[in-house]
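Trainee: Whenever a hint applies, use it, and build me the whole structure from the sequences.
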Amino acid sequence: MVPKGTPSTDPGKYRPISLLNFMGKIFAKLLNNKLIKHFESNNTLKDTQHGFRRKRGTTSLLANLYERIAREKGTDRSTLVTMVTRDVQKAFDKIWHDAITYKLMQAGVNMKMVRILTNFLHARKAYVRVNKHRGEKFNMTAGVPQGDVLSPTLFLIVGNDYPEPSRNRHQKNFAMQYADDFTQIIISKFNTRITDADRDQHKIHIEEEIYKQNAYERQWKIKTNINKFNIINIGFFKAPTIVIDNTAIPYSTRTKLLGLHLTRNNFYVKQVEHNTNRARDELRKLYRFRHLKTKLKVRLYKALILPLLTYPVVPLNISSNTQIKKLQIIQNKAIRWIMNEHWPIICPITLRQQQLKIEPIDIRMKRLAEGVWNQVHEENQAFHQESLQIQMINTHPWFQSSYDRTFE
1 MVPKGTPSTD
11 PGKYRPISLL
21 NFMGKIFAKL
31 LNNKLIKHFE
41 SNNTLKDTQH
51 GFRRKRGTTS
61 LLANLYERIA
71 REKGTDRSTL
81 VTMVTRDVQK
91 AFDKIWHDAI
101 TYKLMQAGVN
111 MKMVRILTNF
121 LHARKAYVRV
131 NKHRGEKFNM
141 TAGVPQGDVL
151 SPTLFLIVGN
161 DYPEPSRNRH
171 QKNFAMQYAD
181 DFTQIIISKF
191 NTRITDADRD
201 QHKIHIEEEI
211 YKQNAYERQW
221 KIKTNINKFN
231 IINIGFFKAP
241 TIVIDNTAIP
251 YSTRTKLLGL
261 HLTRNNFYVK
271 QVEHNTNRAR
281 DELRKLYRFR
291 HLKTKLKVRL
301 YKALILPLLT
311 YPVVPLNISS
321 NTQIKKLQII
331 QNKAIRWIMN
341 EHWPIICPIT
351 LRQQQLKIEP
361 IDIRMKRLAE
371 GVWNQVHEEN
381 QAFHQESLQI
391 QMINTHPWFQ
401 SSYDRTFE
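Note that the UniProt record's numbering has the sequence shown beginning at 1, numbered continuously upward.
Fair warning: there could be bad hints in the mix.
Said to hold, decoys possible - Okay, the calculated beta carbon distance ranges per label pair:
no.	residue 1	residue 2	range
1	395	37	37 to 43 Å
2	259	321	42 to 48 Å
3	131	216	50 to 56 Å
4	216	390	41 to 47 Å
5	25	139	18 to 24 Å
6	340	259	30 to 36 Å
7	160	259	41 to 47 Å
Keep in mind the hints are simulated off the structure, nothing from the lab. Remember, predicted model here, so these are calculated numbers, not experimental data. No residue lacks a Cβ here, since even glycine has one placed at the ideal position from N, Cα and C.
Mentor: Structure below.
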């Protein structure tokens, strides 16, 4: 049992990790490869699902999500945008076995494979051992085994058929998934200056999208973690209170999405603050290794500190010069540590960067952003192609296009 979060004295915070024999692992890997091949070749999984998929991840999801919001806010129509973030509670532990079987059949998976996978789920037994004491075996009536390579793939198919967000002349809603993280973006379009009636209409749009997803989750015995359910308006505007099941849901002014700390009016300032604080703390832990060889210290910096500064590259690549400078200061401190330099400093930092072959932060950001967008292009993701079709008339000062900034 591995504790997840705090406090460690709460039994509900522990998650079982399945210890499988090596033959079982090999067999599960073969089944998983065959299942993924079927899903990808038949385009079974939605284009907006970025979890546990080849050439996709948190970076590609955040890039696509931010770019769509930036482009929608840059059109010539008055726009209201609201983000709803939700996370499945005990996702792997509570999956309904019958739902997996049904959705595998709906996806056209070979019946022999379905029977094997059904047996994989239903015939599983477990027991708990504490030190030398072992409990009795019991049947696993729900969930997929954590630690098994098949489990993430089976989880993806369960939430794959969520209800499509409303899209029409006045609504440009969409949703993004990363495994059990589900993000709804509600976008309302108006031809005139936004009025109180428009805000009321936007509130109705939000409630409709939330109700649709809630009904879907009830149908398939999925439960959202209420502690990770957030509604945040993107941009400054007064919005009527959201009421779900006779309960008023307060708006959040900030939230965290796949490691991105964002606020209602900005996607990068809080992230830069978080990155600099975390990188600074980790760098201090390396100070005791100042006697290592220069080459080893460069490797330590690139492996342990640099990724903390530059994640997620989109939307960080559209940060202002002031924010980029904050990240660069941390890198400068790391370079001085690598070179064992102390005040007074004689050699310019630019020269040290050239000697150590460490890119300035702004140049690295641009290069990494190009890599992200080029990979999205190679995948020919339909969602991204739709985003590029949106004509930006007036670039919103808080939400500039990362794609355009990268390739300008």
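Trainee: Sort out which numbered hints this structure fails and list those numbers smallest first.
Mentor: Hints 2, 3, 4, 7 are the ones this structure does not satisfy, whereas the remaining hints hold.
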